[in-house]
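A.B. asks: If you read the sequences in order, they're chains Y and L.
Using this note's numbering, the first residue of the first sequence is number 2, and each one after it goes up by one.
Using this note's numbering, the first residue of the second sequence is number 1219, and each one after it goes up by one.
Hints listed in this document are in silico derivations from the structure and should not be mistaken for laboratory results.
Just so it is clear, CB atoms sit at the ideal spot from N, CA and C, and this is done for glycine as well.
Heads up, a few of these hints could be off.
Stated by the list, open to error - Residues from chain L that face chain Y, not an exhaustive set, calculated with beta carbons under 7 Å: (1) F1325; (2) P1345; (3) S1506.
Said to hold, decoys possible - Computed spacing ranges between beta-carbons, pair by pair: (4) R1335(L) <-> L69(Y): 45 to 53 Å; (5) L5(Y) <-> N1510(L): 47 to 55 Å; (6) R1335(L) <-> S192(Y): 41 to 49 Å; (7) L5(Y) <-> D1302(L): 15 to 23 Å.
As the list claims (entries may be wrong) - From the derived model, a few chain L residues whose C-beta atoms are all more than 10 Å from chain Y: (8) S1244; (9) F1293; (10) K1507; (11) G1541.
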Amino acid sequence: MRGLSQNWAVFRESRIGMLGLIVILLFGVFGALWPIMINTVWDPLIYHPVVGFDPMLLHPSPPTKAHLLGTDPIGRDILAQLMFSTGREFLLGVLSALITVVIGTVIGTVAAYYGGFTDTFFMRVADIMMLFPFIPLLVVVGSMVRLTFFPFAIILGVLGGFGGITIILKAQALSVKVRPYIDAARVAGGSSFHIIRAHIIPNVLPLSFLYMMFNVTGAILSEATLSFFGVLNIDMSWGMMIHTAEAAGYLFDFGKYWWLWLPSGLAITLFCAAFYMVGRGLDEVVNPRLRKR
Amino acid sequence: MALPATADAADAILRVEHLCKYYPVSRGLFQRRQLLLHAVDNVSFEVKRGEVLGLVGESGCGKTTTGRLIARLTFPTTGRIFVDNADVSKIQGADMAEFRKKIQMIFQDPYESLDPRMTIFDIVAEPLNVNGMGNLEEREQRVAEMLSLVGISPPSAFLFRFPHELSGGQRQRVAIARALVMNPTFVVADEPTSMLDVSIRTGIMKLLAQLREDLGISYLYITHDLAVARYLCDRIAVMYLGKIVEVAEAEEIIKEPLHPYTRALISAVPVPDPAVKRPVPTIKGGVSKPINPPRRCRFYERCPVAKSTCAEQDHPAPREVSGGHFAACHQL
Ligand SMILES: Nc1ncnc2c1ncn2[C@@H]1O[C@H](COP(=O)(O)OP(=O)(O)OP(=O)(O)O)[C@@H](O)[C@H]1O
Ligand code: SF4
Ligand SMILES: [Mg+2]
Chain Y
2 MRGLSQNWAV FRESRIGMLG LIVILLFGVF GALWPIMINT VWDPLIYHPV VGFDPMLLHP
62 SPPTKAHLLG TDPIGRDILA QLMFSTGREF LLGVLSALIT VVIGTVIGTV AAYYGGFTDT
122 FFMRVADIMM LFPFIPLLVV VGSMVRLTFF PFAIILGVLG GFGGITIILK AQALSVKVRP
182 YIDAARVAGG SSFHIIRAHI IPNVLPLSFL YMMFNVTGAI LSEATLSFFG VLNIDMSWGM
242 MIHTAEAAGY LFDFGKYWWL WLPSGLAITL FCAAFYMVGR GLDEVVNPRL RKR
Chain L
1219 MALPATADAA DAILRVEHLC KYYPVSRGLF QRRQLLLHAV DNVSFEVKRG EVLGLVGESG
1279 CGKTTTGRLI ARLTFPTTGR IFVDNADVSK IQGADMAEFR KKIQMIFQDP YESLDPRMTI
1339 FDIVAEPLNV NGMGNLEERE QRVAEMLSLV GISPPSAFLF RFPHELSGGQ RQRVAIARAL
1399 VMNPTFVVAD EPTSMLDVSI RTGIMKLLAQ LREDLGISYL YITHDLAVAR YLCDRIAVMY
1459 LGKIVEVAEA EEIIKEPLHP YTRALISAVP VPDPAVKRPV PTIKGGVSKP INPPRRCRFY
1519 ERCPVAKSTC AEQDHPAPRE VSGGHFAACH QL
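I would like the entire structure built from these sequences, with the hints used as guidance.
C.D. replies: And the structure:
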């Protein structure tokens, strides 16, 4: 295994990965601007993303000097909503991806290590998870129980954790399990728990981290989809912004009211693409075979 | 089977009796019969306290499997292994920890036997760690001591490096330090020099010989190289397709090989004294895999002196031809 600096050198070679990283950093800066803006420049009465209202204009208003990206049908500033939501998208994406990856890594390594019934059981669960139409199900469930932000992130993370990721991480754990250093650890007197914790998991973790990037993408897209259907009890997010425009009927003339959906749609696309691209870059670090010769 | 409890048997640190390890081979879709690969087939030998026994044979003859069985990394199909007169497959609980401390293994490939994500300190200290021996300070001291013992010096310059920052020879020295950190009494050394550059092999071999002198460790030294075995070992066992075909004192087996296979092996080793005349049988063909082997001498297909009677009988049992010199051949 190479050191951190060498890994960084490999990652930096990947154009797609670096581009993704830059976009993520820009989103980070953008999101970090929110508390500054609302505490200094913007009047909370007008610019609050949920309860703000500008009495000086007819809504939805196209971009003006005061509202650079216009306002939504109930008079709230689009740019403020976009900025406010950025932090939450990060939180949702990273939290749910983290849960997915932690569960997936533990299940994958345990299934690979013990094999037998444990393995068969979790692999069948993963098959079901992969084939099951969760988004439609969540739409149905969500219309009965309105999910709030954190429960939603956790459910998404847990559902993901039992899904396809366990199959991939198990395959990786299997290849680690047969390495001579695992035999060496056993000869040293290491217990199964020790071997899983100290040898298998650390050697699976780079791949887990890689899949975490793809899972961020998945979580954000799920949130956007479900918000669009209006089945989440989340006061503001990029998905909610599109939902607001749709619910008020403005998406029928989407060319005329472009500022209602384009900024948030673009943000979702860019944000997801950026994490995906970082994942692709990391892929080259984790799987040396993909590297340019 | 009951062996007579001789003084010799009590002296043995390791005793292997009729050891077999058969691996099921995946069958073709239309194959009826269960295929078994006889990786180790009815092997018996012992290693005395303080002795080095060489296990020599071509690639795939079952040397590593034998070592792994002894180190309890896999379980025998049949047969028994005794370490200090305790049946290895019956060891449980606290005795298991004691067994792990007593028996260590050095692996063939130093690039693969060290966890790439651990520092040298963590690697060498791992046995101490999992056995809860000493506090951090004592461990650090012990690790440094072991590293200087195997010629990694100064230890402080290596403790927090990673395996990939070390050369092959240095890695194998680290693996040796780790194997010895618990003061084992028996070490299975599985071709510890075969993956190394020729130039550094001698250094590692000298180190192992030195450690044996200093620490009185017994080894099962696995190698495919008779010259290496001759240098390091007191006795040599020659293995062919899962069977041990000949066992004798190292010098004796080199000078007076009895089994046709051993003779062929020796003819491939450069002769230091050209005056020594040896019968030079050549063997034809390559090694196949012992999958459901026919019930006759394993060496039959390649044996230059095979007689038709060899084909009619089962694989020959080892016979003591002269004092302590065993060979398995119908023609002796
Ligand atoms: N886990 C396993 N499953 C199936 N077959 C195995 C397994 N391990 C070893 N074998 C087979 O058993 C035979 C003996 O293998 P082993 O590794 O013991 O040979 P070796 O003498 O150590 O060879 P080398 O010098 O190449 O290391 C080989 O034919 C090998 O293919
Ligand atoms: S028993 Fe026969 S075939 Fe086998 S080694 Fe001896 S002579 Fe050769
Ligand atoms: Mg081997």
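A.B. asks: All the hints need checking, so say for each whether the structure fits it.
C.D. replies: Quick rundown of the hints versus the structure:
1. F1325: Hint on F1325(L): holds, closest Cβ of chain Y at ~5 Å, below 7 Å.
2. P1345: Since the shortest Cβ distance to chain Y is 4 Å, the answer is holds.
3. S1506: 25 Å, violated
4. R1335(L) <-> L69(Y): 45 to 53 Å: 48 Å, holds
5. L5(Y) <-> N1510(L): 47 to 55 Å: The hinted range 47 to 55 Å holds for L5(Y) and N1510(L), with Cβ atoms some 52 Å apart.
6. R1335(L) <-> S192(Y): 41 to 49 Å: Because 19 Å falls outside the window, the suggested range is violated.
7. L5(Y) <-> D1302(L): 15 to 23 Å: 46 Å, violated
8. S1244: Per Cβ check, S1244(L) is outside 10 Å of chain Y; nearest 16 Å; holds.
9. F1293: 13 Å, holds
10. K1507: Fine: 20 Å to the nearest Cβ keeps K1507(L) off the interface.
11. G1541: Nearest chain Y Cβ is 35 Å from G1541(L), so the label holds.
Violated hints for the displayed structure, listed by number in ascending order: 3, 6, 7.
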